[in-house]
Amino acid sequence: MAMSALRREGRRLAPLISANPTNVLRSSLAPSEQAFLGVRFASTQEVQNRMRSVQNIQKITKAMKMVAASKLRAVQSRTENSRGIWQPFTALLGDTPGIDVKKNVIVTITSDRGLCGGMNSKAVKLSRALYKLNAGPDKESKYVVVGEKAKAQLVRDSKKDIEICITELQKNPLNYTQISVLADDILKNVEYDALRIVYNKFQSVVSSVPSVATVLSPEVVEREAEAGGGKLGDLDSYEIEGGETKSEVLQNLSEFQFSCTMFNAILENACSEQGARMAAMDGASRNAGDMLDRLTLAYNRSLSLSLSLSHTHTHTHTFARTHKDMHMH
Amino acid sequence: MSSGAVPFWRSAGMTYITYSNICANLVRNCLKEPHKSKVLAREKVHFAVSKWVDGKPQKATIRSDTPEA
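If you read the sequences in order, they're chains A and B.
Residues 7 to 335 (our numbering) are what the first sequence spells out, left to right.
Residues 143 to 211 (our numbering) are what the second sequence spells out, left to right.
Next up, chain A with everything else stripped away, as it sits in the complex (with noise of 0.2 Å):
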């Protein structure tokens, strides 16, 4: 502390003592040497370069929202369409969220892309607590990563357990032809007595709610309605019609149950991706606006603190004074 100070005051000394003093204000422009006269100058500086990066920063996220909302009014109606095209199959098979059985694969969709508030860790955590509710001795579960978010999440601890994983959905525009292409990959390459689908359901812009959708292989699906209860034990009191017999119907019945469900899970995650970005980016802007206030109002007060120190101290030289306001400005 004491040196400091005997430095800063041998500096103030410094123009007086010097034969030329043009030379050492000159020379007080160069950052390390000489800095009394560039301290306040190099300090209200650092605050202009703060202040503009702050403001870029706003301008960027601003963009991203703006981006955000028109994706967002693109893929919502389809959404909320698409909601329809699962609705007959829960009215006729029912919901079997808790349903036990010894090969789950547990289907986690999340987004590409990052910056969209904690809706991907919250569908990676719900699966994580479906694979500890359904593990147990004599039973596996694996996963199906869809995005690259859970994937990246998901290969710290669990990756023995990844099965397939799939990213880049989103270059064109989701449709189902591209859903249930990738349904049918899925069920060709795994095998499965229940598929839990784990995604983001779009409730609003800024909210959304982790959802499980379950799909049940057709063998599952036959025991059940024998065993009875619920909606599956309903199941037999349907005609078929046609040369098939139960089981064949049941399983085009479940594969065509998973590719509509995805095709919805997949839509209501893009669909919250979005909203939950939106939201974010609302309010980093809004931050980086706030922080712009407070480094604008730093900036002045400094400013004008400089301006009156350098009246007071240094009124003896006004040579000086005059070179240092000049550079101030």
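If you're looking for bench data, these hints aren't it; they were derived computationally from the structure.
Accuracy of the hints is not assured; some may be wrong.
Unchecked claim - Taking lysine-lysine and the PhoX-like style, the derived pairs with C-alpha atoms no more than 20 Å apart in a straight line are:
| # | chain 1 | residue 1 | chain 2 | residue 2 |
| --- | --- | --- | --- | --- |
| 1 | A | Lys165 | A | Lys145 |
| 2 | A | Lys148 | B | Lys198 |
| 3 | A | Lys166 | B | Lys193 |
| 4 | B | Lys198 | A | Lys166 |
Fit chain B to the supplied structure of chain A, relying on the hints for placement.
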């Protein structure tokens, strides 16, 4: 349509999803012109799949009906 115990498309190794997709595509091709090209342009497939074996990703295959730009 179905021959014997198993429908022909399932014995060819298709799932119901593939079968229904082929049928849907046939129907789309039957549409009249302004609608036809619009509908066909909408149904684009593109995604990357990689299988994992023993905790390691295998090489990703890209399922796409549009050639790489």
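Of the hints given before, which are not true for this structure? none
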